[in-house]
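J.: My request is simple: use the sequences and hints to build the entire structure.
Numbering-wise (my numbering), the sequence shown opens with residue 204 and increments by one.
Think of the hints as simulated: they come from the structure by calculation, not from any bench.
Be careful, since some hints might not be right.
[What the hints assert, rightly or not] Cross-link-like lysine-lysine pairs, in silico, DSS-like; alpha carbons within 25 angstroms at most: (1) Lys850 - Lys861; (2) Lys223 - Lys498; (3) Lys863 - Lys770; (4) Lys792 - Lys770; (5) Lys861 - Lys656; (6) Lys770 - Lys796; (7) Lys697 - Lys656; (8) Lys861 - Lys770; (9) Lys656 - Lys863; (10) Lys796 - Lys656; (11) Lys656 - Lys692; (12) Lys850 - Lys863.
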Amino acid sequence: MFALIYLGLAIALGDTLCRKFYRFVSVPHRYAAAILVGLLLSTWFTYLAALAFPKTAEPLLSADVLFFIVAAGAIFWLSRKASKTDMITPRAPGSSNWDWITLAGLFVAACVLLIGTLYVTKQGQLRLSGTSTSDLGPQLAFAQSFGLRQTFPTGFAHSASQPTHDQFLFYFQAGNLEFLGLNLAWSVDVLSVLGLTSMLALVMVFGQLLFNSRVVGRLGAVLFFFHDSLRHLTAFLTSANSDQDKIRTFWNQTAFLNQRHLPFATGIFFLLLIFLVEQSRQRTTRANVGPTRAKSFVFSGLLLAALPLSKAVLYMNVVVALCCLLLAWGCWSLLRLKTPGKLGGFLTGTLAAFILALGVIDLLAVYSGSHVGIDYDRKPLVKGLLFRTSAVYKIPDSSPPSLVREGLPNPAVTAFEGGQGSGKCQFDHPRGLAVDPGGNIFVADTNNGRIQKFSANGIFIASIGPFEAPNGIAIDRAGNIYVAEVDSKHRVEKVGPDGSFIAAWAPALYGPRRIAIGPDNAIYVVDQGHNRIIKFSPDGEVLTTWGSSGSGDGQFDDHTSVAVDTKTNRVYVADPINSRIQVFESNGKSLTKWSIPEWGQSIGFEDLAIDPSRGRLYASSAHMSAILVFDLQGNRLGTVTPAPPDKLDGPSAIALAKDKLFVLNTDSARVSVIVLQNK
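T.: Here it is, written out as C-alpha cells:
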C-alpha cells in the first residue's frame with residue numbers, strides 16, 4: 204500500500220512539473236513524461252534525503268516520510284496556479300484510438316518479457332531467466348540490501364565486483380519499494396514495465412512529431428521493441444570494427460532484461476528531443492519564445508544531468524531507436540508510392556511482418572527459456588514503516604557484505620549460469636575453453652583479459668591473468684597452461700598451474716587462436732593471420748610449420764581450430780570458410796579432408812575436440828544450435844545437445860572431460876554440459 208502511494212505521489216509530482224515546463228503532443232506523451240520525470244526526481248530526492256539522516260535508526264524510513272510530505276506540498280503549491288495542459292498543434296492526422304491500441308499491445312508484450320522472466324511463485328520462490336538475465340542476480344542482491352533496511356548508505360558499493368554507478372538509482376528505488384511493502388520481484392518489475400512502456404510511448408510520439416505521421420510513430424515503436432531481428436544488419440555495418448560485438452549488443456532484445464534501467468534514461472532523452480524539435484519549429488514559425496521557454500531549457504538541462512547512465516550507452520540506444528523510426532518511415536513511404544499492382548504495399552507488409560515475426564519468436568524464446576529458482580528464508584521485520592515478515596532471497600553470486608554479516612548463505616553462481624559481466628563466473632565475449640587432468644574447467648574470458656578456473660561442477664576457483672585478449676587455451680599433463688594472446692602481443696604464453704609466468708613465444712605470430720597438445724607433448728598453434736599451423740616443442744622451439752592462404756590441400760582461409768588424436772598423432776584443422784576439416788600427419792603432410800556444408804559463414808568461432816576412446820570428433824559453430832559428431836574416418840554420426848531445459852546459444856569453444864563435453868556459449872556467455880553416451 205505504501206509503495207503504491209509513493210509511486211502515485213511521484214507520478215503526480217512529475218505530471219505537475221512537466222505541465223509547467225512542457226507542451227504535449229498527446230495524452231500518452233503527458234503520461235509517459237510524468238512517469239519518467241516523477242520517478243527520476245523522486246529517486247534522487249529519496250536517496251539524498253536518506254544520506255542526510257545517516258545517524259538515525261531508519262535513514263530510508265526518514266527519507267520516505269520526508270518525500271511524502273514534500274511531494275504532497277509541492278503538488279498542492281504548484282497546482283494553485285496551474286494552467287490548462289498546453290498541447291502542441293497542429294497534430295499529425297489520424298485517430299488517437301490506434302495509438303492507445305498500439306500502446307496497450309506493447310504494454311502486454313513488456314509484461315510478458317519482463318514479468319515472465321522475473322517473478323515469485325505461489326510457493327514464494329524467486330524465479331528469473333537463467334540464460335538471458337544472468338547479470339540481473341547481483342543487482343537484485345543490491346536492491347535487497349536496501350529492502351532489508353541495511354545500514355545506509357549501503358556497504359555494498361559494488362555488485363558482483365562490477366561498478367553499479369549506471370544502475371544504482373534504479374535498483375535503489377526497487378529496494379525502496381520493497382522496503383515500502385512490495386516483494387522484490389514486483390519492485391523491479393513495476394519499475395521495468397513503467398519505464399519500458401513510457402519509453403516506447405515517447406518513441407512513438409517523437410516519430411509522429413518528426414514525420415507528421417501517426418503510422419510512422421506506431422510502427423517505429425513496435426519495431427524498437429521487437430528489434431532483435433535487425434541485429435544482423437550490424438554484422439555487415441560493423442564488420443571492420445573491433446568493437447562490433449559490443450555494438451551488436453544493443454540490437455538484442457535481451458538488453459531490455461539485462462539493463463532494466465536503460466529505458467528510463469532513453470525515455471528521458473526522447474522527452475528532451477521532443478522538446479527541442481518543438482522549440483525549433485516555434486523559432487521557424489517565429490512563435491513567441493519567452494521566459495517560460497527559457498525555464499524549460501534549464502529544467503531540461505537538469506534532467507539530462509540527472510541521468511545516472513553512461514552517455515555512450517544512452518546514445519547508442521537512442522541511435523537504435525532512431526534507426527527503427529527511419530525504417531518505419533521508409534516502409535510508410537514505400538506504402539504510399541503508386542506502384543503497379545500495389546507492389547509497394549505488398550513489399551511493406553511483407554517486410555514489417557517478417558521483422559515482427561522474428562521479434563515475436565525471439566520474445567517467446569526468452570520467455571520460455573530456462574529459469575533459475577532462488578529459495579528464501581523468512582525474516583521478521585518488526586521495526587520501521589511496516590510490521591511484517593520479509594522473504595530474504597538467497598541470491599547467487601557475491602552477496603552484500605551487510606547480508607553476510609546477518610549470517611545468510613552465499614551460494615556461488617556457476618560457470619553454467621554465467622552471464623555477461625566482469626564479476627566471478629561472468630564473462631565478456633569468452634573465446635576459449637579447456638579442461639585439465641583433474642577435471643577443472645578453464646575459460647578464456649577474452650575481453651576481461653583473464654582465465655577463469657572452475658571446478659568440474661562449475662564453482663569458481665580462481666582468476667588467472669592478466670592476459671591480452673586470451674583466445675585458445677591448452678593444458679598439459681603437468682597442469683601447465685598455454686594461452687594464445689592476440690591484441691597487441693600475438694604470442695603464446697605458458698604459465699604454471701598457479702598462474703606464475705614461465706615463458707612466452709612469439710615467432711612472428713599474427714592472430715594465434717587455438718592451441719592443442721599432442722601425445723608427445725608437442726604444442727600445435729593456429730596462426731590464423733598467416734593461415735598456417737606452427738608446431739612447438741614444450742620449451743617453445745619451432746619444430747615445423749605448414750599451410751598458406753587458399754582453398755587447396757594444406758591451405759587455409761582463416762582457419763579457427765586444431766585438435767590432435769592422441770592415439771594416432773593425426774592433426775585435425777577446422778577450415779570453416781572453406782567448409783571443411785583437413786587431416787594431417789604430425790609433420791604437416793596432408794591426408795584427407797571432410798566437407799561440412801553448415802560452415803562457410805564468417806565469425807563462427809568453430810572448434811574441434813577429439814575423443815580417442817570413443818573414436819569421435821566433435822565440431823561446433825556459433826551459427827549452429829547443436830554439436831556435430833563424426834567418426835575419425837569423417838563419417839557423420841549425428842548431433843548432440845544438452846539435456847533440456849538447457850540449450851546451446853551460439854556454441855563456440857568445446858572441451859572433453861571423460862564422459863562430458865563442455866560447450867562455451869558465445870551469445871549467453873556461459874558453459875553448457877553435454878553428457879556423452881557410452882560406446
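J.: Check each numbered hint against the structure and report the violated ones by number, ascending.
T.: Of the numbered hints, just 10 does not hold.
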